[in-house]
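The hints should help you fit chains B and C onto chain A, whose structure is shown.
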Amino acid sequence: MATTPRQATPDSSPRTWRRARLIETGRVARRSARRRSLALATLAILVLAVVLVPLLVRLDQQLVDLRAAGLPPSLAHPFGTDEVGRDVLLRSIYGLRVSLLVGLVAAVVSATIGGLVGLAAGAAGGPLDRLLMRVVDGVNSMPHLLLGIFIVALFAPSAIAVIVSVGVTHWTTAARIVRSEVLSLRGRPFIDAAVSGGSSRLRIVRRHFLPNLAPHLLLATVLMVPHAIWHETALSFLGLGLPAHLASLGNMINDGQRSLLAGDWWSSLFPGLLILTPTLAIHALAQHLRDRANPRRRSELAL
Amino acid sequence: MLEATAITVSYGRHQVLDGVSLTVAPGETLGLAGPSGCGKSTLARVLALLQRPSGGTLTVDGQPISRWRHRARQRTSIGLIFQQPRLAVDPRFTLLDVIAEPLRAARRPLDRAHELAEEMGLTGELFTRRPHEVSDGQLQRACVARALALEPRYLVCDEMTTMLDASTQAHLVTRIEAYRERTGAGVLAVSHDAELLDRWAGGNVRTWRHRPDVVVNGSGGRPEGTSRDVSDRRIATRPNAEG
Amino acid sequence: MKLHVEGLSVRFRLPGAVVQAVTDARFTLDQGRCLALVGESGCGKSVMAHALLGLLPANAAVTGHAWLDDLDLITAPEQVLARQVRGRRIGLIPQSPAAHLTPVRTARAQLAETLRELGRPDTPDALARRAGLRPADLDRYPHQLSGGMAQRVANALALAGDPPLLLADEPTTGLDRPLVDATMAELRRLCDEGRSVLLITHDLRAAEQVADDIAVMYASRIVELASARAFFDGPRHPYAQGLLDALPTRAFTPIPGQPPELTRLPDGCAFQPRCPRATALCEEQPVLNEVACHHA
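Chains as they are written, first to last, in UniProt numbering: chain A, 1 to 303; chain B, 1 to 243; chain C, 1 to 296.
Next up, chain A with everything else stripped away, as it sits in the complex (with noise of 0.2 Å):
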């Protein structure tokens, strides 16, 4: 019903078609609500695991019980224990843990450099803004894994090499997102009005451009966690990330890929699960966040 206006009227399909995507919004912003609370609400769960069950049960991460080994689900250990006869659920769970802590830090600093270089390349223009783009190109042609092993390599395994590792391999997206907005924005009539009405460049710079890139380089921070938990996972995956008796998801899976020939499936399944629930829910989360940035849905209602 909302597209066959188009089809039918070409004659007014500019307008028609923005009556019509209003009707789709409707829609849409309800199924986007809906996606919204089923996000939220799994995310809920998986942080309030991580952080009460650390302050109820203590992992020795060093304690081995070869007794346990390589039990199935049951319900003394929900998701099974692996080949040393730890228990997946709580390894897990404290995996999750450090991935979940990587991916914020981690995207919260590539989030920070990339909006400062997109702020000075768009604000100053010019040769900086060149020479920072071609930056950006530089670090963008290595394939940020490749990039990312080097960095790990030169410190010892750790949370914060793995850390700076996926921060200064990331922050090209959001010096790009914030560097197009910043020139979108400078040839604004409203930023000629504040230069009129005497504002400084840095006044400008905190009234009109952080407060209008807030949105976006948000929205680039939240869509940047899952992909750093997923490098991560990755580098602890391939021995580079974290030390390998520590319990994180990448150091489960690569345990666990060798009690798969044994047919012990749940010692790499659930950790795996692990990952991609929170970021499915994350990206659910960016996808609402992204409709709500969308100003022109909530004035196309102002008549």
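Honestly, the hints are just simulated from the structure, not real lab data. Mixed in with the good hints, there may be bad ones.
Stated by the list, open to error - Facing chain B, according to a computed beta carbon distance under 7 Å, are these residues of chain A, among others:
| # | residue |
| --- | --- |
| 1 | 181 |
| 2 | 196 |
| 3 | 203 |
| 4 | 211 |
As the list claims (entries may be wrong) - Away from chain B, derived, C-beta distances all over 10 Å, residues of chain C:
| # | residue |
| --- | --- |
| 5 | 61 |
| 6 | 75 |
| 7 | 79 |
| 8 | 106 |
| 9 | 117 |
| 10 | 119 |
| 11 | 125 |
| 12 | 134 |
| 13 | 296 |
Source: prediction; values computed, not measured. Note that CB positions come from ideal geometry on N, CA and C, so glycine has one too.
Below, chains B and C without anything else, positioned relative to chain A:
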């Protein structure tokens, strides 16, 4: 005196303004009439010190201007009112923020913003509204209040009332004229509407003529400087005013 | 062709408020006439146009009737509107012709597509001639057209389905005077061909050039309905008088105050707080009988 002499503006090969001269005296209302897309908005930006012209000189009260935009100290002595209020305010600001922003930037008392808003006929419940919650007319009232906040000695009104109904148009013009009479400011009213300018400026109107073969672009909303506006535009006669 | 609007009301439900965009609108538009619906921005006149085309968003509640001959546009299902009404029985002349055309295709391609979609046997050339364009102009891209030509291409698109009723929603916004005059002359010509035109505008001078009848809208209601001549010679509603007096060619004095919010309309006459003639009588909603005022 706001005095522009032989102002030229080009973007690359395209010449938008070709040696325009114009003088606005304090206390005077000068109308500048011309079809849309003839470069009037570009001239308005130059006069408001927002754009460095490619050639020509501009003096404000005898002082020649050599710095533009942020570096131009005199920029607050020339108020600019835009054609489309919706584009001329930050969508995140409330109406009161819009009016108070120049006062904040100049560290002046903010009470003035309330007075200005009330003078422009904006009522209290509108102060906290954002641009998408008010009509074009109400938004333009806030823009006029903003332009008057720092008591500029000259006002440039660029197609200020094209989007508005007759009553709001008459109201805004009345307020600007009252400001001019109170402060002795000079007003340049730019519009394509000759009847409006005739009434507003009391016959003190310069007309910007085109060569008849020149294609006039009809949609006024487009910003100046898109290559096609410019390419087929030549200005045959130049407005020059003695004051 | 006859458009008969009967008690049309449109409400929008917003979080925490109801916008009364159109209240109890009644008018008739006969064949070959031009009715200009005038009023300031935000009085609800554009919403009326969208209601007639069935293009309101999902949160709009529409009541009343709008009879296009024997079809009620308000209750007609979307399929009927899409396949039989829009473009075929009602043509829309857009607000900004330049923005209405697709920049990457020539005028001819856009006309041809529209004709094909509507299943019309006409050629783009014939259609262009009807809208006052030379066929040679059709090979241009929209950015190569002057404002007047873009307007004619937009008109040609609206005329593609040969609709008896044309709806022009603020067709003069942002145009300069000569172009406004040309657009209005074009609308007049279409009327004289026997089409009906509903012109929605805030520009009284444009309306004066073309309209047979004037409907003045204020705060969601039609407050005066008169023939154009009678209206411009002496409007009866105080608001209409104020609007005309605000013209730069007349007294150039504004109406004091501001229109009420459509979310908080007063019970009585909505113009009462700004009206020089207001009395206690105005607490009661006046009925529209050519003019909706207790004192006119």
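Let me make sure I understand: some of the numbered hints might not hold for this structure. Which ones are they, in numerical order? 1
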